[in-house]
Structures are given as structure tokens and as C-alpha cells.
Amino acid sequence: MPSIEAVNLSKKYGSFTALDSLNLKIEGAKCVGFLGPNGAGKTTTLKIFTDMIRPSAGHAMINGITVHEHKRKALAHCGALIETPEIYPSLTPSEALSMIAELRGVPHSDRSRRISEAIEEVKMEEWADKKVGKFSKGMKQRINIAAALLSEPDIILLDEPTTGLDPRGMSEVREIVRSLKQKSRLIFMSSHLLNEVSDVCDEVAMIDHGKLLVYDTLANVTSKFSGDGSDGSVEIGTLRPLDEEILKSNVASIPGVLSFERIDVKNARVRFSGGPESQERILVALVTMKIGLISFRPSSSALEDTYLNLIKDTL
Amino acid sequence: MSNSSQTEESKEGNILPSSVSQVGIVTKYEISNYFRSRRFFILLGIGLAISALLTFLIAHYGVSSFGTTSLDFYSGWWGRSATFIVVFCAIFFGGDAISGEFQNKTGYFLVGNPIRRSSIYIGKWFAALAASLIILGVFTAITLANGLYYFPSSVPYQFEESFVFTLVYLISALGLTFFFSSLFKSSSFSILVTVILLLFGFSLIEELIFVFAHIEPWFLLSYGSEIVGDILTNPYPQHTIQTTGFGPGGRGPTFTTYNPTIPEGLAIMLIYFTVTAVLGLVLFERKEFT
Ligand SMILES: Nc1ncnc2c1ncn2[C@@H]1O[C@H](COP(=O)(O)OP(=O)(O)O)[C@@H](O)[C@H]1O
Ligand SMILES: [Mg+2]
Chain A
447 MPSIEAVNLS KKYGSFTALD SLNLKIEGAK CVGFLGPNGA GKTTTLKIFT DMIRPSAGHA
507 MINGITVHEH KRKALAHCGA LIETPEIYPS LTPSEALSMI AELRGVPHSD RSRRISEAIE
567 EVKMEEWADK KVGKFSKGMK QRINIAAALL SEPDIILLDE PTTGLDPRGM SEVREIVRSL
627 KQKSRLIFMS SHLLNEVSDV CDEVAMIDHG KLLVYDTLAN VTSKFSGDGS DGSVEIGTLR
687 PLDEEILKSN VASIPGVLSF ERIDVKNARV RFSGGPESQE RILVALVTMK IGLISFRPSS
747 SALEDTYLNL IKDTL
Chain B
17 MSNSSQTEES KEGNILPSSV SQVGIVTKYE ISNYFRSRRF FILLGIGLAI SALLTFLIAH
77 YGVSSFGTTS LDFYSGWWGR SATFIVVFCA IFFGGDAISG EFQNKTGYFL VGNPIRRSSI
137 YIGKWFAALA ASLIILGVFT AITLANGLYY FPSSVPYQFE ESFVFTLVYL ISALGLTFFF
197 SSLFKSSSFS ILVTVILLLF GFSLIEELIF VFAHIEPWFL LSYGSEIVGD ILTNPYPQHT
257 IQTTGFGPGG RGPTFTTYNP TIPEGLAIML IYFTVTAVLG LVLFERKEFT
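The listed protein sequences correspond, in order, to chains A and B. Take any residue in the first sequence, note its place counting from 1, add 446, and you have its number in the numbering used here. Take any residue in the second sequence, note its place counting from 1, add 16, and you have its number in the numbering used here.
Because the hints were derived from the structure by calculation, they are not lab data. Treat the hints with care, as some may be off.
[As the list claims (entries may be wrong)] If we take Cβ atoms under 10 Å as the criterion, some of the chain A residues that face chain B in the derived model are:
no. : residue
1   : I499
2   : R518
3   : A520
4   : T530
5   : P535
6   : G551
7   : A593
8   : E598
9   : Y661
10  : D662
[Unchecked claim] Facing chain B, a subset of chain A residues (Cβ under 7 Å, in silico):
no. : residue
11  : L521
12  : I528
13  : S536
Glycine included, every Cβ here is placed at the ideal spot set by N, Cα and C.
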């Protein structure tokens with residue numbers, strides 16, 4: 447059974463702690479989202495898993511093998527895409543992929559089939575024999591994804607694979623990740639986009655400030671942190687700068703409101719309980735206050751609230 | 017599960033090649049990358065330009081400008097230019113070989129794979145050597161073509177030795193530039209450092225030592241490489257030459273000029289290679305791809 451495990455994994459850059467004793471064990475064929483805001487420590491974690499950087503303490507294991515000590519063995523069954531690598535501009539995608547295929551020991555008889563399948567998977571057939579040098583960032587990222595899938599590894603590490611892609615590219619990549627799931631693999635994909643994780647993953651590990659906040663199935667995380675499901679929050683936007691003092695007391699007096707906090711000068715978040723009835727009352731009250739309300743956006747899901755709640759607490 | 021660290025069989029049927037085979041694979045693809053690079057053609061152009069200039073000068077002013085014997089010819093032609101070509105190859109192909117992988121982020125494409133960093137380093141080194149050998153090969157061919165045109169009877173055996181020494185110098189200079197390229201993460205900075213060192217630094221230090229310290233500069237790679245030219249002079253220059261200058265009041269100070277012996281020159285170059293190769297590999301193994 448494929449597995450990855452971080453044991454007391456820490457990384458310091460000088461005196462700054464980017465990763466703080468992370469403990470996380472993921473086992474079995476599933477897709478796990480590694481969710482956290484920018485700077486949370488996602489890339490740092492994945493770089494340690496691929497031996498691109500050394501941990502300051504602790505260790506990372508793939509299939510029970512410590513990566514830093516036995517890199518070749520540990521990564522033999524693991525394909526990874528970390529950040530956005532560049533490919534030699536003079537090579538074509540076919541050549542770059544065949545370099546990876548050879549290095550990873552894809553059997554000669556299978557090589558060209560796997561390369562063309564991988565290129566097809568990322569929809570780059572037309573470009574297979576053009577030099578990478580003139581490709582856009584999104585096109586290169588597709589080739590990088592193809593490179594990670596090429597050797598048909600049982601563990602795939604993806605670090606924000608949709609960054610740099612246009613909306614259509616993003617949804618295509620999510621589709622690719624979803625299709626990989628059917629092939630009994632362990633996929634560990636980092637993202638700062640909640641909807642991306644809830645779209646494709648079965649489980650979620652949330653991280654912020656280098657600390658693991660929670661690791662569980664999507665359903666459990668949602669129910670564990672959002673009470674009976676009638677809690678919610680809305681983000682409001684106004685035309686004029688918000689006067690926090692006045693608003694805070696006024697809004698807080700609306701029945702059902704749990705908290706009011708300013709996001710910036712013209713935006714604020716209101717948390718409430720009591721379901722849609724409360725939500726309606728709040729909207730009516732805000733309009734009556736004539737604070738210049740121009741937007742009223744309920745958070746899309748309980749999971750989003752959980753995410754926002756969790757990362758707020760670690761600030 | 018197998019315990020062998022040499023080959024690792026996966027259930028997908030992939031058999032991870034040995035680290036040595038991976039060096040070969042990296043070399044193969046790096047060579048095709050070098051041969052398509054603008055840099056390679058610029059350097060080829062420089063090699064051809066130097067050759068063309070020499071061919072023209074000899075044709076115009078006559079072969080006697082270099083002397084009367086075939087050895088004089090090879091000394092004048094090869095002895096002066098070969099080390100220059102080597103230095104250019106080392107800078108062009110080695111100056112940012114490793115730093116460029118960081119700066120351009122191309123290193124990130126490979127390091128996440130089951131391959132030792134040293135295999136990448138060594139593979140790139142062999143590719144740089146191959147690219148340099150092509151340039152040097154072209155220059156050698158033109159040298160020989162001219163040499164045989166003017167002195168058809170034979171090629172002096174010293175030229176063969178000089179050629180071998182040039183190869184040793186190339187190996188050593190590439191080791192040195194690879195080392196410097198793994199010291200930095202900026203391409204242009206590491207190229208700058210190798211240019212300053214190889215084109216000016218060594219000779220400046222040698223000059224300063226000659227004027228002030230009066231010791232044999234056995235610790236300078238450029239000093240070791242002087243055997244490339246020295247072997248083409250007959251007789252081989254003496255290890256130490258005393259010259260007395262003339263000052264205002266008659267006899268001036270006495271200077272000692274040093275020439276490396278052949279074993280000494282070879283030892284300097286090989287030690288440079290060994291030390292810089294080990295240091296470069298260790299540095300690259302420890303470097304963080306942040
Ligand atoms: N080379 C580095 N030097 C100093 N700090 C770094 C370095 N790399 C990353 N960091 C810091 O470590 C933290 C985690 O970074 P990262 O793992 O890239 O976050 P994420 O991928 O979750 O956005 C950030 O605060 C970032 O600024
Ligand atoms: Mg990141």
C-alpha cells in the first residue's frame with residue numbers, strides 16, 4: 447500500500463520557522479488535498495519529500511523509506527511536480543519526457559507509448575515536437591505534469607499544479623487529477639484554493655504557519671468544525687469605508703450574529719447562526735443601515751468557513 | 017521487496033537504471049542541449065575566427081614568422097592559442113553549468129526524480145567535455161592542416177604531447193569552472209567569477225608573485241598549464257632562469273623566472289581537477305533547491 451509520512455518534520459530558514467514539527471501519515475490509494483494559504487509551508491513540505499531541501503529536524507518517508515537517506519529508492523515509485531520547473535528550451539516535450547522516461551527506467555518497449563499517452567493526457571499533442579523555449583507558462587506546466595505521470599508511479603506529489611494555468615487549463619488539470627484517482631494511487635496535492643481541494647480530493651490536510659491543523663476526510667472536517675451546519679458567514683462589501691466602531695455594535699445587535707470582523711477598509715465578514723432566516727435578517731438590517739452596501743456574499747460552504755476559521759486561529 | 021540499491025523494480029515494470037547509467041543518460045541529453053545552444057556556435061565561431069586569422073597571417077607574412085622548423089610552427093600556432101581555446105570552453109560550458117540550473121530553474125525538472133545529484137553533476141560535466149572536445153577538435157584539425165601544408169614530412173612528437181597536455185588542462189579547467197558554478201546560484205555571477213579568474217586573475221597573481229614574492233607559483237593552474245607551450249620549445253625551458261636587470265647604478269635586482277617541469281605541470285592540473293571535482297560535488301549535494 448502506498449504511503450507517505452512526515453515525522454516531526456521541521457524546516458528553518460535562519461531564525462524563521464517555515465515548518466514546525468509536522469506529523470502526517472497518509473496511507474492507501476486516495477487523493478489528499480494539502481490545503482493552506484500562501485506561505486503556509488506546503489511547498490517546503492513537498493520539497494523535503496523530494497529531497498530538494500533538507501529538513502532541519504525530523505524526516506520524510508515514502509513507502510517507509512527515508513527520502514534524504516535513500517533518495518533513489520524512496521523516489522523510485524513517486525512522481526512529483528514541485529512549483530514550476532523549467533525545461534531546457536532547446537528540447538521538445540517528447541525529448542524532455544524521454545529523458546525522464548530513461549532516467550526512471552521506463553522499459554524501452556513502452557517508452558514511446560507512455561510518452562505519447564502522457565502528452566495526450568495533458569492535451570499537448572500538437573506541440574509534442576516543438577521546442578519548449580517558446581511555450582507559455584501554462585504549456586510548460588502541462589509538460590511538467592506529464593513528466594510527473596510518465597512513469598506511472600503509485601505516489602504522485604503535486605504542488606499547486608494549476609498555478610499559471612488559465613481557467614480552462616485549471617479545470618483540465620483537475621480533470622486529470624480526478625482521472626488518476628481511478629488508478630489506485632496515492633495523490634497528495636497542495637493548493638491554496640479550497641474549491642479545488644473539495645472538488646477533487648477525498649481527504650484534506652490543512653496547514654498554516656508550518657503547523658498541521660487537521661487531517662481527516664472532507665466530510666469529517668466539515669462536520670467536526672461547523673457545528674450543526676446552520677452556522678454560516680457572509681462577506682459584505684461597501685461603497686464607503688466602514689466605520690468599525692458604529693457597525694460593530696449595530697451589527698452585533700442583529701439576532702443570530704456571532705461576530706463581525708473587518709477584512710479591510712470596505713469589506714467585512716459577519717458570522718451567524720440560525721441558517722438562512724438569520725442570513726435574510728442580516729441582509730435586511732444592513733440595507734436599512736445605509737452603509738453603502740454593494741455586495742453580500744455568503745461563504746460557499748461549511749468547509750470554507752472551517753478553513754477560514756482554522757487559519758484565522760493560527761494568525 | 018528487494019534490498020538492492022542498484023536496481024529497484026517497481027510493479028509498473030520500470031527498472032531504475034544504476035547511477036552510472038543515469039550519468040550516461042544525463043550526458044546524452046545534455047549534449048544535445050549543448051549542441052543546440054547559441055553558446056556552442058559562438059564558441060565554434062571564435063575557434064574558427066582564431067584559426068582563420070592565423071591561417072591568413074601565415075599565408076600573408078610567410079611561415080618563417082614562426083621560425084624555421086616544424087616545431088617552431090606548432091609552438092607559434094598551438095602553443096599560444098590552445099590554452100586560450102581551453103579557457104574559453106571552460107568558461108562557456110562550465111561557467112554556469114550548475115548555477116544556471118538554479119537560476120533558470122531547469123534543475124528543478126530533474127532533481128525531484130530518483131537520481132543522485134552527483135549523477136546530474138557528472139553527466140553535465142561529461143557533456144561539457146564533449147562539447148569542448150568538438151571545439152578543440154576543429155581547432156586541432158585546422159592546426160594540422162596548416163602544419164602539414166607547410167611541413168608535409170612529419171608532425172613533431174612534441175605536438176602530440178602538447179595535445180595530450182591540452183586535454184589534461186581542459187579536464188582540469190572544466191573541473192574548476194564547474195566548481196565555481198556550484199558555488200553560486202546566479203549564472204551571470206558565476207560566469208563573471210570564472211572569467212575574472214581564468215582570463216585575468218591567475219596571470220595577475222603570477223605577475224605579482226614574480227615581482228614581490230619570488231617563489232615558484234606551483235599553486236596556480238595557469239602555471240601548470242604552461243607545459244602545453246613549453247613542450248613545443250626546443251630545448252625545453254629550464255626550471256629556473258635567473259635574469260639580472262640593470263638599475264640606475266649598474267647592476268639591478270636579480271629575478272627568477274620559473275617554468276614548470278612536465279611532471280610538475282601534470283601534477284598541478286590533476287590535483288586541481290581532483291580537488292575542485294570533489295568540492296563541487298559536495299557543494300552540489302548539499303545545495304538546497306529553495
Ligand atoms: N529560501 C527561503 N528563505 C527564507 N524563507 C523562505 C524560503 N523559502 C520559503 N520561505 C518561507 O517559508 C514559508 C513557507 O513557504 P512555502 O512552503 O513556499 O509556502 P506555500 O507553498 O505554502 O505557499 C513562507 O513564509 C516563505 O516566505
Ligand atoms: Mg507554494
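Consistency of the hints with the structure:
| no. | hint | result |
| --- | --- | --- |
| 1 | I499 | holds (4 Å) |
| 2 | R518 | holds (4 Å) |
| 3 | A520 | holds (8 Å) |
| 4 | T530 | holds (7 Å) |
| 5 | P535 | holds (9 Å) |
| 6 | G551 | holds (5 Å) |
| 7 | A593 | holds (7 Å) |
| 8 | E598 | holds (5 Å) |
| 9 | Y661 | violated (23 Å) |
| 10 | D662 | violated (28 Å) |
| 11 | L521 | holds (4 Å) |
| 12 | I528 | holds (6 Å) |
| 13 | S536 | holds (4 Å) |
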